[in-house]
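S.K.: All chains should be built: construct the whole structure from the sequences, respecting the hints.
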Amino acid sequence: MIKAEWFYWLVGLSFLVMAAQMVTDRSNPKRFGTAGFWGLIGAGFIYSSWVVTGQAPAEPLGAAVLVMAALAGFGCTGRGTPRTTTPQQRAAGAARLGDRLFVPALTIPVVAMVCAVGVKHLSFGGEPVLQEGSETILGLGLGAIAALAIGMIMLREKRVSVPVQSGRSLLEAMGWAMLLPQMLATLGTIFQVSGVGAQVGRLATSVLPKDSVYVAVVVYCVGMFLFTTVMGNAFAAFPVMTAAVGWPVLIGHFHGNPAAVLALGMLAGFCGTLVTPMAANFNLVPAALLELKDRYGPIKAQLPTAGVLLGCNIALMSLFAF
Amino acid sequence: MIVLLGVLVVVLGFATRRNPLLVVAVAGIATGFLGGLSPGKVLAAFGTGFAGSRAVTIFAITLPVIGLLERYGLQEQARNVIARFSKLTTGRFLTLYLGLRQIGAAVGLTNVFGPAQTVRPLAVPMAEGAAERTYGGLPERTREKVRSFAASADNVGLFFGEDVFLAVGSILLITGFVNTTYGTHLEPLDLAMWAIPTAVCAFVVHGWRLLRLDRHLERELLTANAATAEVEAAQ
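Protein chains in written order, with the working numbering: chain A, 526 to 847; chain B, 51 to 285.
Possibly wrong hints are sitting among the right ones.
[Said to hold, decoys possible] Under the rule of at most 25 Å between Cα atoms (straight-line distance), these lysine to any residue pairs were calculated in the SDA-like manner:
no., chain 1, residue 1, chain 2, residue 2
1, A, Lys528, B, Gly219
2, A, Lys825, B, Thr160
3, A, Lys825, A, Phe760
4, A, Lys645, B, Ile153
5, A, Lys683, A, Phe627
6, A, Lys825, B, Leu261
7, A, Lys645, B, Leu216
8, A, Lys818, B, Glu268
9, B, Lys137, B, Val255
10, A, Lys818, B, Arg265
11, A, Lys825, B, Leu216
[Stated by the list, open to error] Now the in silico label distances, taken between C-beta atoms and shown as ranges:
no., chain 1, residue 1, chain 2, residue 2, range
12, A, Arg625, B, Phe83, 49 to 59 Å
13, A, Trp575, B, Gly149, 41 to 51 Å
14, A, Thr611, B, Arg262, 55 to 65 Å
15, A, Ala698, B, Val157, 30 to 40 Å
16, B, Arg262, A, Lys818, 18 to 28 Å
17, A, Gln546, B, Arg67, 25 to 35 Å
18, B, Arg67, A, Phe557, 19 to 29 Å
19, A, Asp624, B, Arg262, 45 to 55 Å
In short, the hints are calculated from the structure, not lab data. Please read all numbers here as calculations on a predicted model, not as lab measurements. Ideal Cβ placement from N, Cα and C applies to all residues, glycine included.
M.R.: Here is the structure:
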């Protein structure tokens, strides 16, 4: 069985190799801090396997995570001059290779699709080929490896260090934004165990009038929206808002259609995901990946759509759920 | 109420544009202590949080091959391809991408598209190429705008497509939560059906805004180009 952990080790290992390259990169004025940051992430990726199974203590990893945050937060990381090709060489490459360049690039989505649809159902010797529940990330990982193999053969590139160098440039360009989604996931957990959710739920109930169904709909949807912008994730907001308003008031008291109320409530939360830097993997990581100067660029592009769609969800729920 | 201070730390930190990693670390530590966790528990929370959320970083596995192909001119070739379709403007191309992303997510293919695997190597150079074909070079500000909208098409398509699929995390979260908490029996299919009207709204609203991007580009770039031409004429 192909396991998700293998790919985490592969990612961890490539971060470690890239960190080793970073130490020797004299074009980066902050090479030691940068290498330390990525080296710790790489080591953390591998060590995490034993934390997940409970065989290793989580505290050292937590301390390492705080060191990573400090390294990046106090400006100890930087980037070197990327060793890449000139625009002329790229244009020449495009002219020479033409549409063949798309073959490896499209291999990633095609393999991911085949894994999600087909390989998912295959089993070998009574065991599924792909670890259950992780088929999509396994597809992405397998797709990336297949694409790299095809690419290297097609481009007659024999040195493995070349793709590693290219990947490292992209990684350095993204910098700390890469770690933020994982940090935020942690914050969500801490919020949950410290009772932040329960408090927000109490606040929402306290502003809720018991006589108007429309006001209750607005409180539920806007609550989902706001709570999601704070937590960065509609999944964290949903149980709290539903326990506070959705179930007892909209479904219990006003006899709303449960499927409509809950589905539209969740989608109101998704509108919040579109506008919050807390949803770093959707909003800040792409900004870093696309090398935007304004890291809130995608949020600004999404803000009006999110506002209108929040209104749509409120309207749909008011009109059709009761 | 005092645990909500952590939320305040986050809001203030982001508003004053401090480094987000620091903001989140400080907010996490503060909330943990205010919520009565011991220092060891807070550290363990950061550790288990990191270990449990590695899936969001797995896209890094695609970076070496994307970087390799970019060395050999993948983005340039994406621009060349879009130049062959003269009807496909930036806005129309991004609307098409939005639709594909939504349909893909609605049939469960959420990881087939994404910022690392499709937006950076393919969608952005194509969207920029379409504008460059009509207007020539793009100023920095316009380039940022086109890229931001490409990222937004990916997100909107994903968020408002995936809930139409039955086996997606959010649908399973809803059924799992209410069926165990309230002892009801909600079917994933009913929830997915109710995601369709919003999915349609999302395509119409965001698609319309993407199409309007064309008009914005036209206005911005024609005046920018006219200004350059005047300067050149004066010289």
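S.K.: It remains to establish, for every hint, whether it holds in the given structure.
M.R.: Right, here's what the structure says about each hint:
At most 25 Å may separate the alpha-carbon atoms for a hinted pair to count; lysine 528 of chain A and glycine 219 of chain B meet this at roughly 20 Å. With a C-alpha separation of about 23 Å, the suggested pairing of lysine 825 of chain A with threonine 160 of chain B holds against the 25 Å cut-off. Among the hinted pairs, lysine 825 of chain A with phenylalanine 760 of chain A is consistent with the structure: their alpha-carbon atoms are about 23 Å apart, no more than 25 Å. At most 25 Å may separate the alpha-carbon atoms for a hinted pair to count; lysine 645 of chain A and isoleucine 153 of chain B meet this at roughly 20 Å.
Distance hint between lysine 683 of chain A and phenylalanine 627 of chain A is fulfilled; the C-alpha atoms sit about 20 Å from each other, no more than 25 Å. As the CA atoms of lysine 825 of chain A and leucine 261 of chain B are separated by approximately 17 Å, the hinted pair is consistent with the 25 Å bound. The straight-line distance between the Cα atoms of lysine 645 of chain A and leucine 216 of chain B is roughly 16 Å, inside the 25 Å bound, and the hint therefore holds. The straight-line distance between the Cα atoms of lysine 818 of chain A and glutamate 268 of chain B is roughly 23 Å, inside the 25 Å bound, and the hint therefore holds.
At most 25 Å may separate the alpha-carbon atoms for a hinted pair to count; lysine 137 of chain B and valine 255 of chain B meet this at roughly 22 Å. Under the criterion of a C-alpha separation no larger than 25 Å, the hint pairing lysine 818 of chain A with arginine 265 of chain B is consistent with the structure, at around 23 Å. Of the supplied pair hints, the one linking lysine 825 of chain A and leucine 216 of chain B is violated, its CA atoms being roughly 30 Å apart against a limit of 25 Å. At roughly 57 Å, the beta-carbon separation of arginine 625 of chain A and phenylalanine 83 of chain B lies within the given 49 to 59 Å, and the hint holds.
For tryptophan 575 of chain A paired with glycine 149 of chain B, a C-beta distance near 44 Å keeps the hint of 41 to 51 Å intact. Judged by the Cβ atoms, the range 55 to 65 Å given for threonine 611 of chain A and arginine 262 of chain B is violated: they are separated by roughly 36 Å. In this structure the supplied range 30 to 40 Å holds for alanine 698 of chain A paired with valine 157 of chain B, their Cβ-Cβ distance being about 33 Å. A beta carbon spacing of about 23 Å between arginine 262 of chain B and lysine 818 of chain A agrees with the range 18 to 28 Å that was offered as a hint.
In this structure the hint that glutamine 546 of chain A and arginine 67 of chain B lie 25 to 35 Å apart at CB holds, the actual value being about 31 Å. Hint check: arginine 67 of chain B to phenylalanine 557 of chain A, Cβ distance near 26 Å, so the stated range 19 to 29 Å holds. Look at aspartate 624 of chain A against arginine 262 of chain B: about 31 Å separates their beta carbons, and that is not inside 45 to 55 Å.
Violated hints, listed in ascending order, are 11, 14 and 19; each of the other numbered hints is respected by the structure.
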